[in-house]
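With chain B's structure known, arrange chain V on it following the hints.
Okay, here's what each chain looks like letter by letter:
Protein chains: 2
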Amino acid sequence: QTVSPKPSRLGLCAACHGETGVAVMPGAPNLAGQRLDYLRAALKHYRDGSRDVPVMRAAIGPLSDAELDAVARWYSVQIPAAAKL
Amino acid sequence: QTVSPKPSRLGLCAACHGETGVAVMPGAPNLAGQRLDYLRAALKHYRDGSRDVPVMRAAIGPLSDAELDAVARWYSVQIPAAAKL
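In the order they appear, the protein sequences are chains B and V.
In terms of the numbering used here, the numbers along the first sequence are unbroken and rise by one, the last being 458.
In terms of the numbering used here, the numbers along the second sequence are unbroken and rise by one, the last being 458.
Isolated chain B, as found in the complex:
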């Protein structure tokens, strides 16, 4: 289990997905332990509009690719057990 530093832009994501990927907003998915390839693809699709979710496009807009990737990596290594137990 890699211990990643907390990404600088995590707060924006955490408002709905939680700091550890346990969603705190109805409609928002849990991200803890999600597969990195899936997270990266989802972010790409939100950015290019092929997943047309305005709140996600707005949230992603100001982040650089490197910042987005740091957030994706962060969530992918969180322990999902915390989501249910």
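Warning: the hint list may mix true and false statements.
[Unchecked claim] Here are a few chain V residues that face chain B, going by a calculated C-beta distance under 10 angstroms:
| hint | residue |
| --- | --- |
| 1 | Ala396 |
| 2 | Gly400 |
| 3 | Pro402 |
| 4 | Ala405 |
| 5 | Gln407 |
| 6 | Arg408 |
| 7 | Tyr411 |
| 8 | Ala414 |
| 9 | Ala415 |
| 10 | His418 |
| 11 | Ser423 |
| 12 | Asp425 |
| 13 | Pro427 |
| 14 | Ile452 |
| 15 | Pro453 |
Because the hints were derived from the structure by calculation, they are not lab data.
No residue lacks a Cβ here, since even glycine has one placed at the ideal position from N, Cα and C.
Structure of chain V alone, referenced to chain B:
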């Protein structure tokens, strides 16, 4: 933790997402413990094409709404810890 019966159409989903929601195919997300409201919305969007993922549209096509909902409920109650530990 609700013990749900295994949905009759689970096999189709499990080929990529695993029987317990731990994905077995690159690009497919883990679904174990995912929020039910998110899963239901995702299935709706795959069916109506607003999430344009041909393999998902094809997989969902033959399933009734009730069958889809049974699968969503199944995955939402799986323990996600198994995904990482």
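Do the numbers back the hint for Gly400/V, that is, is its least Cβ distance to chain B under 10 angstroms? This hint holds: Gly400/V lies near chain B, its Cβ roughly 6 angstroms from the closest one there, short of 10 angstroms.
Tell me if Ile452/V is really an interface residue toward chain B, meaning its C-beta lies closer than 10 angstroms to one of theirs. With Cβ-Cβ at 6 angstroms, under 10 angstroms, it holds.
Once the shortest beta carbon distance from Pro402/V to chain B is found, is it less than 10 angstroms? Holds, because the Cβ-Cβ distance from Pro402/V to chain B comes to roughly 4 angstroms (cut-off 10 angstroms).
May I ask you to test the interface hint for Arg408/V with respect to chain B, counting a Cβ-Cβ separation under 10 angstroms as satisfied? holds, 6 angstroms
Hey, does the Ala414/V contact hint survive, CB to chain B under 10 angstroms? OK, holds: Ala414/V within 10 angstroms of chain B, min 7 angstroms.
Per-residue hint verdict: Ala405/V, partner chain B, C-beta under 10 angstroms: holds, 7 angstroms
Tell me if the interface restraint on Asp425/V is satisfied: Cβ within less than 10 angstroms of some Cβ in chain B. This hint holds: Asp425/V lies near chain B, its Cβ roughly 7 angstroms from the closest one there, short of 10 angstroms.
Go through the hint on Pro453/V and say holds or violated, using the shortest Cβ distance to chain B against 10 angstroms. holds, 4 angstroms
Hey, does the Gln407/V contact hint survive, CB to chain B under 10 angstroms? Cβ of Gln407/V sits 6 angstroms from chain B, so the hint holds.
Can you verify the interface hint for Ala396/V: is its Cβ closer than 10 angstroms to any Cβ in chain B? At about 6 angstroms, which falls below the 10 angstroms cut-off, the nearest Cβ of chain B leaves the hint on Ala396/V intact, so it holds.
Under the criterion of a CB-CB separation shorter than 10 angstroms, is Ser423/V in contact with chain B as hinted? holds, 7 angstroms
Does the CB of Tyr411/V sit less than 10 angstroms away from some CB of chain B? Hint on Tyr411/V: holds, closest Cβ of chain B at ~4 angstroms, below 10 angstroms.
Of the hints listed earlier, the one the structure fails to meet is number 13.
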